[in-house]
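For the record, the sequence lines run as chains C and B. With my numbering applied, the first sequence corresponds to residues 1 to 443, in that order. With my numbering applied, the second sequence corresponds to residues 1 to 443, in that order.
Calculated from the structure, these hints are not laboratory results. Worth double-checking, as some hints may not be accurate.
[To be verified] Selected chain B positions facing chain C (Cβ under 8 Å, derived; list incomplete):
id	residue
1	Arg140
2	Arg183
3	Met405
[As the list claims (entries may be wrong)] Mimicking EDC-like on lysine to aspartate or glutamate, the simulated pairs with C-alpha atoms at most 20 Å apart in a straight line are:
id	chain 1	residue 1	chain 2	residue 2
4	B	Lys283	C	Glu2
5	B	Lys339	B	Asp185
6	B	Lys261	C	Asp155
7	B	Lys222	C	Asp185
8	C	Lys222	C	Glu366
9	C	Lys323	C	Glu313
10	B	Lys402	C	Glu442
11	C	Lys323	C	Asp426
12	C	Lys70	B	Glu282
13	C	Lys10	B	Glu250
14	B	Lys10	C	Asp247
15	C	Lys402	B	Asp108
16	B	Lys402	C	Asp108
17	C	Lys222	B	Asp185
18	C	Lys226	C	Glu366
19	C	Lys69	C	Asp39
20	C	Lys261	B	Asp155
21	B	Lys226	B	Glu315
22	B	Lys261	B	Glu294
23	B	Lys402	B	Glu392
24	C	Lys10	B	Asp247
25	B	Lys323	C	Glu2
26	B	Lys126	C	Asp395
27	C	Lys261	C	Glu250
We put the beta carbon where it would ideally sit given N, CA and C, even for glycine.
2 protein chains.
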Amino acid sequence: MEFLSGLTAKETLELGELLEPERIGTEVRVNGFVHTVRDMGDVSFVVLRKRGGLLQCVFEEGASSLSAKKLRESQTVELTGTLCSDERAPHGVELRVTGGEILTVPYDTLPLPIGKWKLNTSLEAKLNNRSIALRNVRERAKFRLQEGIVRGFRDFLYSQQFTEIHTPKIGARGAEGGANIFRLDYFHRPAVLAQSPQFYKQMMVGVFDRVFETGPVFRAEKHNTKRHLNEYTSLDFEMGYIDSFTDLMEMETGFLQYTMKLLEREYAAELQILNVTLPDVEKIPVVRFSRAKELVAEKYNRKIRNPYDLEPEEETLIGTYFKEEYGADFVFVTHYPSKKRPFYAMDDPEDPRFTLSFDLLFHGLEITTGGQRIHDYQALREKIAARGMTEEGMDQYLNTFKCGMPRHGGLGIGLERLTMKLVGEDNVRETTLFPRDLSRLEP
Amino acid sequence: MEFLSGLTAKETLELGELLEPERIGTEVRVNGFVHTVRDMGDVSFVVLRKRGGLLQCVFEEGASSLSAKKLRESQTVELTGTLCSDERAPHGVELRVTGGEILTVPYDTLPLPIGKWKLNTSLEAKLNNRSIALRNVRERAKFRLQEGIVRGFRDFLYSQQFTEIHTPKIGARGAEGGANIFRLDYFHRPAVLAQSPQFYKQMMVGVFDRVFETGPVFRAEKHNTKRHLNEYTSLDFEMGYIDSFTDLMEMETGFLQYTMKLLEREYAAELQILNVTLPDVEKIPVVRFSRAKELVAEKYNRKIRNPYDLEPEEETLIGTYFKEEYGADFVFVTHYPSKKRPFYAMDDPEDPRFTLSFDLLFHGLEITTGGQRIHDYQALREKIAARGMTEEGMDQYLNTFKCGMPRHGGLGIGLERLTMKLVGEDNVRETTLFPRDLSRLEP
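Whole structure, please, built from the sequences with the hints as guidance.
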């Protein structure tokens, strides 16, 4: 009987291994995509694209049993040769090739010049050739940073004794209300796609105290803007035994601090590729919603049209104001009007027109909505009634409160928006692997 | 202007802190749910449920400014007192209470006796009161272990240079074929929910070499069994530059080894609560599909009815066989018949009736399906044509292969099934927070 006992070492080396100083001068074996081929006559420079980065491979006339003339962009190959240091090459090393083989071949030339440093093509063209466009080194780097953000979120919350949960995306009713809900047939019963894990994460506060989820949410919004997606990845947490909603903002600040350090440490190559300067998260200003409106109105000479609403331009200007006045990349805006928040938001006992809630703006864009929730069963039912809503489909949610719940609150972060602002893009589709919008259901 | 600069220390202590030896004899402050109240007259024992476990709190007549008579199950409270060691108490410590306050109150008695060690109630009753049933210490421990599995999967794959991806769950067509697909209306266009991230993770192999995703998948199966869910969490990976599909099985073995160590180290309390003995993952037997059928037929005196299919009882018996003969908890069954695998599976060049694929069985239950994929554009189109399938909706998938792809393969693991077998449950709903099946769409 054959048995497997785990990983076995591969003969081919990855970029991290190739950069170990003791490898210089040794024979090595590598594989990868042919990224670019530059034929200079007697010598050819073939750049391999590996998951860790680019590797320059030099073919000298007669030195290699595999001829560089046979190599084409987008083949995958395995090459052997001597590793040499060369300051002009990416990462300071190059492979002087002695042999190798072609592993797989493409059937067509690529629709986009992915070998270029910057893929100067329209967003539309990139999305129409998504799996090819992302082979560009700068394009893929954005999603490596996105990984770092999610990883930072989870690792920080594990360290704070949160439990990760997986809640259903098909359900009987939505948590957030409104019309932006996708409907489907579930074995001849009407069902919806989750707008958020809100009800579930609250219910789980009674079980684990602190929970988080990183998963897809679905919003059937008919907005076609640079900020909206119809499906996005939401980083959600919910925590019990809070003293006030400041606890939530502190937890989010802690997450951002942890994550920026993680990116600096583990994703330095990608930060460099994209020329990203990490934002300041040492201290984040906190301002009340109504005060933020005033500050912006005063400084930028605007009229406050509606004291209970924030226009997109006002949001942008709040970002500008805090950057100019305090050098701040982020700002917490607190005490949003009750009318603008869902029924489960806790109203401010000192002024119930406002809530114990907040948004976090990153360079003037809302990337988080959070706040304290109503934990008292009767108060929750009264709020539902006051809004003229039905309790239908909320039985287990409401029963959870009837059976006792701690004071709690939480937040949701839009992963693609946070990534977009971090890397300095201005369209959220740039930092979404496969965006879903009004017109885009494929690939 | 107010600023936040991260986490601030809380006065209340968590269980890990309470168990530090130097805390004994000191004044401490704790919060939590009232789990049980036992009134013995002059003295009352109140057990608090905290996220880390249970804490016994002793109220002696006249010693506390808060009377134990006021305490009821499922209130949340904050208590102060002296921490003492007592071998009879959970974790060997108890709080001698001097005061405190009631934070929140329930409006009803609980529908289930969650304070009991074992919640001896039907699965149906537990699911009908899901958020309450999970407050039982043993019930919630299952989902802590589930967290450990997902965490092990991700952390191991990060260490192996995989990139985490987030792919859309709404799409134009399914990847796995068949009728088990949920359909919805996407802004007046027909759309489906993802049966798997298969197409996307393959497309991303050309970008990142190695990718993984942990997310929901949707199967509109009309099976009402103990093993099937209509929505589950799939742990998926896909990797390029494989030498053969053995690379995939080795990677999965590595994940299991890493994860069992993680559970042992970080989830010891939960393993003890559930009395779980971790399975043996040091070496995992590998057997061909047809050989496995023969072995089981010989030993258990069964007739092979169909050489190209595996009946559920055969699967179970393969598990029994390898446990009995080799003491194995897991077994890789390889070379599944081509007819039973999707079009993208790579046929075995030595016998195209079978594929370069595998399932992993855990105590006789399939928890993983994986294998090498077709990477050649023409071969892929020929297979699609041979199956009488349409290429409609696969443009970008197919273009990815036209533009060149490395040899690759991957797998998908059913998280709830793996958890179920690990903790020794026999119904997958026991290890699903909020199961979705033919009859259950709520909560």
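query = When the hints from earlier in the document are held up against this structure, which numbers fail?
reply = Checked against the structure, the hints that fail are numbers 5, 12, 22, while the rest are satisfied.
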